[in-house]
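Residue numbers (the working numbering), protein chains in the order written: chain A, 1272 to 1387; chain B, -18 to 93.
Read the hints as simulated data drawn from the structure, not as lab findings. Certain hints may be false.
Pulled a few chain A residues facing chain B out of the computed Cβ check, cut under 10 Å [stated by the list, open to error]: (1) Ser1289; (2) Gln1313; (3) Glu1330; (4) Ser1366; (5) Glu1374; (6) Gln1376; (7) Phe1378.
Quick caveat, the model's predicted, so the values are computed rather than measured. Using N, Cα and C, we set each Cβ at its ideal position, and we do this for glycine too.
Letter by letter, the chains look like this.
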Amino acid sequence: GAVVSQHPSWVICKSGTSVKIECRSLDFQATTMFWYRQFPKQSLMLMATSNEGSKATYEQGVEKDKFLINHASLTLSTLTVTSAHPEDSSFYICSARRGRGTETQYFGPGTRLLVL
Amino acid sequence: DAKTTQPPSMDCAEGRAANLPCNHSTISGNEYVYWYRQIHSQGPQYIIHGLKNNETNEMASLIITEDRKSSTLILPHATLRDTAVYYCIVGPASGGSYIPTFGRGTSLIVHP
């Protein structure tokens, strides 16, 4: 159990367009989901914490108006990169926490974004 | 800042045990040690976690020192597919407001 999916797995878009990434917990309800960004040869950088039914909490330096997060249900969170630019090209990874007295995170496979 | 320190890289021969150390000298009494790994171009994968007792599952064993200031992840019979970056992080068992922080991890290379 504890499977998390992401869609799409990779996307190429033109500068100025918006891209939506979906994160789903397939076999459990996730009260909290996390969104990370990872640049080549670097560690995961937490962007925001997404709680079901409430506004996301963004880490310092992450623009909330550029990276829109919606956590409308216990199994789905979405990250929208608005007006994407080449510097937004990265590997975006979500994770979900079961919320049953555990902090164990289950990660999605990641979405590779390339902005031309 | 990450609350753990790990060696940046290690290597291991296939079939041998891989022992990955982690220092967490500022760990508090209610914090667990969690291990994840990330194979190249994939999302991280949960491996194991523990509080103070040694833990074992189908993937690995976790040995935590008595003072809980350090731990070792053991892959008993490493295979080429275990080549990955291994992350050790600390966090509470639950609490709702925990913010996970990943450091640089240890890049483990398993060679034939």
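Here's how the hints hold up against the structure:
no., hint, in the structure
1, Ser1289, "violated (23 Å)"
2, Gln1313, "holds (8 Å)"
3, Glu1330, "holds (8 Å)"
4, Ser1366, "holds (8 Å)"
5, Glu1374, "holds (5 Å)"
6, Gln1376, "holds (6 Å)"
7, Phe1378, "holds (4 Å)"
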